[in-house]
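Top to bottom, those sequences are chains V, B, X and E.
Take 3 as the starting number for the first sequence in the working numbering and just add one per residue.
Take 3 as the starting number for the second sequence in the working numbering and just add one per residue.
Take 3 as the starting number for the third sequence in the working numbering and just add one per residue.
Take 3 as the starting number for the fourth sequence in the working numbering and just add one per residue.
Simulated from the structure, these hints should not be mistaken for laboratory data.
Be a bit skeptical, because a hint or two may be false.
For chains that are exact copies, the list does not tell them apart, and a pair is met inside one copy or across any two.
Straight-line alpha carbon distances no greater than 30 Å define the calculated DSS-like cross-link-like pairs of lysine-lysine that follow [to be verified]:
id, residue 1, residue 2
1, Lys23, Lys211
2, Lys212, Lys95
3, Lys248, Lys211
4, Lys29, Lys52
5, Lys212, Lys52
6, Lys29, Lys95
Spelled out, the chains give:
4 protein chains.
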Amino acid sequence: MRILFIGDIVGNPGRMIVEQKLPELQKEYHPDLIIANAENASNGRGLTPKLAEALFDANIDILTMGNHVWDNREILGYIENERRIVRPANYPKGVPGLGYTLVKVNQAQIAVINLIGRVFMGDYDSPFTTADQILSEIEPVTPHIFIDFHAEATSEKLALAHYLDGRVSAVVGTHTHVQTADEQIFPGGTAYLTDVGMCGPVNSIIGMKKEQVLQRFLTQMPVRLEVEQGPAMLNALFLELTEQGKAASIKRITLK
Amino acid sequence: MRILFIGDIVGNPGRMIVEQKLPELQKEYHPDLIIANAENASNGRGLTPKLAEALFDANIDILTMGNHVWDNREILGYIENERRIVRPANYPKGVPGLGYTLVKVNQAQIAVINLIGRVFMGDYDSPFTTADQILSEIEPVTPHIFIDFHAEATSEKLALAHYLDGRVSAVVGTHTHVQTADEQIFPGGTAYLTDVGMCGPVNSIIGMKKEQVLQRFLTQMPVRLEVEQGPAMLNALFLELTEQGKAASIKRITLK
Amino acid sequence: MRILFIGDIVGNPGRMIVEQKLPELQKEYHPDLIIANAENASNGRGLTPKLAEALFDANIDILTMGNHVWDNREILGYIENERRIVRPANYPKGVPGLGYTLVKVNQAQIAVINLIGRVFMGDYDSPFTTADQILSEIEPVTPHIFIDFHAEATSEKLALAHYLDGRVSAVVGTHTHVQTADEQIFPGGTAYLTDVGMCGPVNSIIGMKKEQVLQRFLTQMPVRLEVEQGPAMLNALFLELTEQGKAASIKRITLK
Amino acid sequence: MRILFIGDIVGNPGRMIVEQKLPELQKEYHPDLIIANAENASNGRGLTPKLAEALFDANIDILTMGNHVWDNREILGYIENERRIVRPANYPKGVPGLGYTLVKVNQAQIAVINLIGRVFMGDYDSPFTTADQILSEIEPVTPHIFIDFHAEATSEKLALAHYLDGRVSAVVGTHTHVQTADEQIFPGGTAYLTDVGMCGPVNSIIGMKKEQVLQRFLTQMPVRLEVEQGPAMLNALFLELTEQGKAASIKRITLK
Ligand SMILES: [Fe+2]
Ligand SMILES: [Fe+2]
Ligand SMILES: [Fe+2]
Ligand SMILES: [Fe+2]
Ligand SMILES: [Fe+2]
Ligand SMILES: [Fe+2]
Ligand SMILES: [Fe+2]
Ligand SMILES: [Fe+2]
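Can you build the whole structure from these sequences, using the hints too?
Structure below.
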């Protein structure tokens, strides 16, 4: 199974470079499944139904989310009826939306799970315990399991990946908006990258206007942040899985 | 000017791979100056005079530090008289050690500055303001200025680098122990990499034993962490500066 | 000198109970100076010029602020020209507004300083260093010095107060919205209370609607918080200072 | 049922004032049950079996804990076999020790629960969810339910108490080491105090040596903290419960 995962799509510049480059990427990698993190699609903060549809129309199959999932309240009704969007599974029970979803890919199935870290992030349920619970449901169904672990601390990301090594196909990090260079396949067969990075304006601070972010750091006053303009880049990851759900290859992608 | 910067050296595995690989790196890159972050050299926590001497003997010219600088108290007397070690300059006034140091390299001089981030880190003085203060002293002396910015958040690292673009030769991140893939030269001529990564055991969680780190995450109880064993890797960065102190090239290095 | 200090005024219920009870308090305590923390006056978030004028009209002489100072942007132009409002002095240089102000009281003068904590709060300048700087300006002018230290951690509040004991007349805490019972005069003559508490709805969670705050804790989703309704209470502190600026008495006040 | 709850006992000064004053308190209040928070009994950090025995010998029936529970590793074997000690129930499953315990008092039973907050504290399970789980076990057994909620943020403490109002007899806060003045009985019959305070040295910073705590704040360097010496105080709370487990009275106690 061939999977293309696209890092946090930031605002219109992010969506536009994805729409522009995805045909080339499909031609080159022939992915069976395209997943993208969309927590910043709506001007850097959240996702709207309209933007979700645009991303599905651009051939993305599944959208994952993160700490910004609820920033745009338009998502609230939509997410409850949309099985192609997953929000972090370790939100408390009763929160709208799915924490994982099962997708048919050719003759197989794959589970796409979204988890969020706690270190420097928020008071969520344990991603370790939540992963165990979900795996007890999924493991009888399919060995193809993809996790977008939306987290800040490298230690927590590496820890969850090592914890799940051999039990899932891939643990792929998002949230920092900076791609890391540590792609690897762990001894048990789990593909790992600490952070895929983002799709958004190059000359920015994690996608947002430099002057505004700097004003925040320099004054410690609240400053409304807007998505930066100018040339954008695309960060992604391409994975191949064996029929047994083990990672066969992992390749970082950066397009400008 | 040719500069080799080596990421956080973690314990004996980190020191040993540096000692082993540095001759090759010197042969390949002919650095005029070798800098290394040594905050984790002493079993993952701090630095001792003996280990500092070993690293100087291995041809490292300057050692930078970070949040672990005081973990091993043997450093306290030593750091006050050693101009080849810099600890974060934005510690409060009166704290032992230097925040920056000036080094002669061929006919030129270079300032090596260590700064630490505040986001998710601690209650230090502003790295932005501290950088301004130091630059007002250094800019009349030399245009060659290298900063190791030891910080967690990608936004703070990118913000400081953009703030200083054109005023310093390089802003290079450390602390996460995971190398990022975003090396670039900013419009003003400042070289930037969000994180250089570490020198330490490959099959580990940021250098430490996996089982112990996992036990912490799974129990939330205090667990003493030890440096992992097994094969090590080296993360570094090579930079070339023009005579005007602008970055001419930037290249990430990973050796296993 | 007789000083009445009123804890964080939360929304309209807070302002109304202050307006209602202040005449009684004046009759009972005959304060020479009335100070109030107004960071939550505008629906729990910030302060407007109109609300500031209402509080001045209600006989409050000086308003102090806290982490919510910029929540309502109407304050931005106003605060620059209003010497009766102080915002935390340890914001970075260049931020609008005063960090301390000098007030004539009878034949004497008193300095009212606002400082904010860093522990669990934000990346401000050191309140310790900032206090030292301000005292170097004020000590030649007057021995009457009142500090509203807006902070979360009891350790930081006690630490600053002990640090300044004998150099200022009072260090009075705000921010937690819960009055503490540890009023005391330190050996050097500085009056201290960890937190004065708030003026706002009794049957609430720190002034806000219980259901909304609970929804936040139970779902970890963003929930817009509104000021609770129903009966309100007033928390305050009454201080007497000697002519030498030492605390002579300290008395907690709670009115419902 | 008459309950005396004693705030965090800090080091030997804390234990000694408890041993000294408890006979007077028993004479005055005739408690049926004496509970004390002992997380700081061992030199400010944790609890040893020997100190636990000394506190039981001093007539304390039940010991509660907090974030410092594991600081002294001697407790590890002991806590597993000692039903008179409870550590926060919202540690992950599998952690040693009990989260709640049932005690016979005259003809009745009372459950003593220990919970820990997450805001500014650590990545524990939800205290809200954990409370629900425990109550589903306890409610059929007894209506007398006492909770020591060891937490930092006033909002989280008030939120849990309002959440449980009418379902438990008391939610009593610990951890800040400063007694609050907001004792009350909620509409549903639950007694509440944001923080009981501590038993320890008066002239200290939350029980520890002032100079050492100040050195930490002033240098941001690690400083080993020791319990302060000199006169101590005792902070406690006295509660009366009806046979139906409702709070009938609540009274703060401070002895010096
Ligand atoms: Fe993001
Ligand atoms: Fe995120
Ligand atoms: Fe490090
Ligand atoms: Fe570090
Ligand atoms: Fe407030
Ligand atoms: Fe506040
Ligand atoms: Fe404590
Ligand atoms: Fe505690």
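If you test the structure against every hint from before, which numbers come out violated? Structure breaks hint 6 only.
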